[in-house]
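Please model the complete structure; the sequences and the hints are all you need to start from.
Protein chains in written order, with the working numbering: chain R, 13 to 123; chain H, 408 to 521.
Treat each hint with caution, since some may be false.
Claimed, not checked - Not close to chain H: a few residues of chain R, all C-beta gaps over 12 Å, as computed:
| # | residue |
| --- | --- |
| 1 | VAL24 |
| 2 | SER29 |
| 3 | GLU38 |
| 4 | PRO43 |
| 5 | ILE65 |
| 6 | GLY66 |
| 7 | GLN74 |
| 8 | PRO81 |
| 9 | SER90 |
| 10 | ARG119 |
Stated by the list, open to error - For each label pair, taking beta carbons as the anchor points, the in silico distance ranges come out as:
| # | chain 1 | residue 1 | chain 2 | residue 2 | range |
| --- | --- | --- | --- | --- | --- |
| 11 | R | VAL24 | H | TYR446 | 21 to 29 Å |
| 12 | H | SER416 | R | SER79 | 28 to 36 Å |
| 13 | R | ASN75 | H | SER487 | 42 to 50 Å |
| 14 | R | ARG119 | H | SER487 | 30 to 38 Å |
Source of the hints: derived by calculation from the structure; they are not laboratory data.
Virtual Cβ for every residue (Gly too), placed ideally from N, Cα, C.
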Amino acid sequence: SQTIHQWPATLVQPVGSPLSLECTVEGTSNPNLYWYRQAAGRGLQLLFYSVGIGQISSEVPQNLSASRPQDRQFILSSKKLLLSDSGFYLCAWSQGHYGYTFGSGTRLTVV
Amino acid sequence: AQSVTQLGSHVSVSEGALVLLRCNYSSSVPPYLFWYVQYPNQGLQLLLKYTSAATLVKGINGFEAEFKKSETSFHLTKPSAHMSDAAEYFCAVSPSGNTGKLIFGQGTTLQVKP
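And the structure:
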């Protein structure tokens, strides 16, 4: 069966520090991969999606970047965090139109 | 462009009462529609999905939703609320295309009172 792993679960980082969040999927090949951010009271905002290795599409301009070095690995990064980067980050995968499977999320607090 | 509107950011019901969470969508093509539930500090769990088959869709935990094309709605219902239903609920639409991107509504927080 397919599983998705996302870590760490919580993270507190100072302003200006780098960020790396990792997501891996097991039990499937060539999934579509996504990074969402959920800010308090603002719903889910799609940040990046990828349809294959090295293929990244950015949905909104921001201080973050994403990479897909392997088929089932998706990484969210920042060189210098801002206070506004705080939020709940969710990784997800899908195949076709059959919905998403979400990771358990990372609570990022930038202080 | 596709969009989703969830009417009511907070809904409060008594235990045993009907749950009705409203969702309206905008889509220029036949949509795929989804309802997800999120418990605090957790990921999203799929409740049910509409993919152009039966208009009344049954999901997990006793929830169901009806696709009404004429009203562009996909409201979520449950006949009798349980305390464990307290969570945040998201409606989402998938536009056509093979990237499978989901566009989410702003979410509705369901409170269940004893």
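We went through each hint and held it up to the structure:
In this structure VAL24 of chain R is separated from chain H by more than 12 Å, as the shortest Cβ-Cβ distance comes to about 15 Å. Once the 12 Å rule is applied to beta carbons, SER29 of chain R is consistent with being away from chain H; the minimum gap is 22 Å. With a cut of 12 Å on Cβ distances, GLU38 of chain R stays outside the contact zone with chain H, its closest approach being about 16 Å. Interface exclusion of PRO43 of chain R from chain H breaks down, the closest Cβ pair being 9 Å apart, not more than 12 Å.
Distance to chain H confirms ILE65 of chain R as a non-interface residue, since its nearest Cβ pair spans about 15 Å, more than 12 Å. With a least beta-carbon separation of about 16 Å from chain H, GLY66 of chain R lies farther than 12 Å from that chain, consistent with its non-interface assignment. In this structure GLN74 of chain R is separated from chain H by more than 12 Å, as the shortest Cβ-Cβ distance comes to about 17 Å. At roughly 20 Å from the closest C-beta of chain H, the C-beta of PRO81 of chain R stays outside 12 Å, upholding its exclusion from the interface.
Separation of SER90 of chain R from chain H is adequate, the least Cβ-Cβ distance of about 21 Å exceeding the 12 Å criterion. The beta carbon of ARG119 of chain R sits about 6 Å from the closest Cβ of chain H, which is not more than 12 Å, so the claim that it is off the interface is violated. For VAL24 of chain R and TYR446 of chain H, the Cβ-Cβ distance of about 22 Å falls inside the hinted range of 21 to 29 Å, so the restraint holds. Between SER416 of chain H and SER79 of chain R, the C-beta spacing of about 35 Å keeps the proposed range 28 to 36 Å intact.
Taken as a hint, the range 42 to 50 Å holds for the pair ASN75 of chain R and SER487 of chain H, whose Cβ atoms sit roughly 46 Å apart. A beta carbon spacing of about 33 Å between ARG119 of chain R and SER487 of chain H agrees with the range 30 to 38 Å that was offered as a hint.
In the structure shown, a violation is registered for the earlier hints numbered 4, 10, in ascending order.
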